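Engineer: Below are the chains, spelled out letter by letter.
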Amino acid sequence: MIRTENLKKSFGDNEVLKGIDMEFINGKTNLIIGRSGAGKTVLLKLLVGLHEPTSGTVFYDDINFFQLSRKDVRKLRMEVGMLFQGSALFDSMDVEENIRFPLDMFTSMTRKEKKDRVNKCLERVNLDGVNHQYPSEISGGMKKRVGIARAIVLDPKYLFCDEPNSGLDPKTALVIDELIQDITRDNNITTVINTHDMNSVMEIGENIALLHHGNLVWRGNKDEVMASDNEILHDFIFASPFLQRLRADAMEKQG
Amino acid sequence: MLGTAFQKPEKPIMYYKETMRQMNDIGVGSVIIVALISFFIGAVTAVQFAYQLNGTLVPIYYIGYILRDSTIIELAPTITCLVLAGKVGSNMAAEIGGMRQKEHIDAMEIMGVNTAAYLIMPKVIAAVVVIPLLVAIAAFISIVGGFVASVPTGYMSAEEYTQGVRSFFVAYNVLLMFIKSVVFAFLLTTVSCYQGYFVTGGSIELGKASTNAVVFSNVLILLADYMIAIIFT
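Heads up: the sequence lines are chains H and L, in that order.
No gaps in the numbering here: position 250 of the first sequence is 249 in numbering that gives the first Met the number 0, and each next residue is one more.
No gaps in the numbering here: position 184 of the second sequence is 183 in numbering that gives the first Met the number 0, and each next residue is one more.
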């Protein structure tokens, strides 16, 4: 489990996060949602230590992340996998080398063991026969899947995904969502997803946190979204007229 | 940052491989440009000295002697490293800066890699090993360039040029050349890596970082050249 405690972050005079207290539950897909500029990416980067908080802290299973030594941070990070918005695959390496990189860096596996592990991860994300293709030669959806494969290659306890569906068509986005949810359940890991994709919210939102102007304004799961009377949540979820009509129809049917 | 960059590697074999790759990029990738520049610097130096010594009482074979010493002490290490600051330094700043902007460095950090060490240490070690070798090659080719420019053209005979090159040789000057090469190599790689590693913003900032890498490296190389001249001579 990951927990934040009065987490604040400012860039100059701009206070982006105004004291966030929340928990990210083990074995569930935890979603951070909110409009652009709400502070989602900053929160995610604080969680993984790419930003230092102005005040407050982050606990990984009761370990205060920001009190760890640099060496211990690196040790903890070996239990962390992250899927970046742009996948962040290394251009000069092919798919296999990209996924193998953490194994090369941190394990003493044999060449064959590494190859088997890479193939297993590729199989897990439903990719086949792309081992020796370069990131520039594969599609956006495939890059995301390779990014996921690389993120899970060391069997992480925590998985972070920054906008996993950005730039993908709805069908591919759904595949990526289901894949992340399956991995979370099968491996019993803590997954934190930063998204503003409404389909993701309604499909895999098991623990949703809505950020608005740097504040946590709503928490719940996908089943509680419809029943909630939180105005900010509804403005965000049903932003398009099409969804507003659908919601009105649904409410009418319910009487 | 240098302290972090020279910490114990997570996996020495990965650092070794990266160092070898960098040695290839810096060394093999720069041989042709270094050879070309050195050849012409040697040739021009020989022609200029022949012109200036013409009609004086200074023996003609002195051209070989002056060319050898000016090349070993100053031209080979300084000119080669100024050129490499432009070629290798800007490349390093752009490579690391590009990785920063495409979140590659963040991705490595999340994996637990000491990115300052993995991205900088192999480059510095490779440069400090390979650049002195390039400088030695440059010095040799420069002397060959002087020969080609002065012997076939009739300024002097091959025997006179060889006599000049072999006269008044001081081995300490070669040591001085290697000291300069190592210091310049360290400066140009650390400055360039620093500029790339801390780049922020977009492509304009990346371009600026690349330019700054070359400009700051060149200024520091010239400053260090002066300091070494004072300290060691």
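Please keep in mind that the hints were generated in silico from the structure rather than gathered at the bench.
This one's a predicted model, so the numbers in the text were calculated from it and none came from an experiment.
Among the clues, some could well be false.
BS3-like, lysine-lysine: derived pairs with alpha carbons at most 30 Å apart [as the list claims (entries may be wrong)]:
1) H:Lys44 with L:Lys86
2) L:Lys10 with H:Lys156
3) H:Lys7 with L:Lys101
Engineer: None of the hints should be skipped; say for each whether it holds.
Structural biologist: Results for each hint:
1. For a cut-off of 30 Å, the pair hint linking Lys44 of chain H to Lys86 of chain L is broken: about 35 Å separates their Cα positions.
2. Taking the CA atoms of Lys10 of chain L and Lys156 of chain H, the gap is near 22 Å; set against the 30 Å cutoff, the hint holds.
3. A threshold of 30 Å between alpha carbons decides the hint, and for Lys7 of chain H with Lys101 of chain L the separation of about 26 Å falls inside it, so the pair holds.
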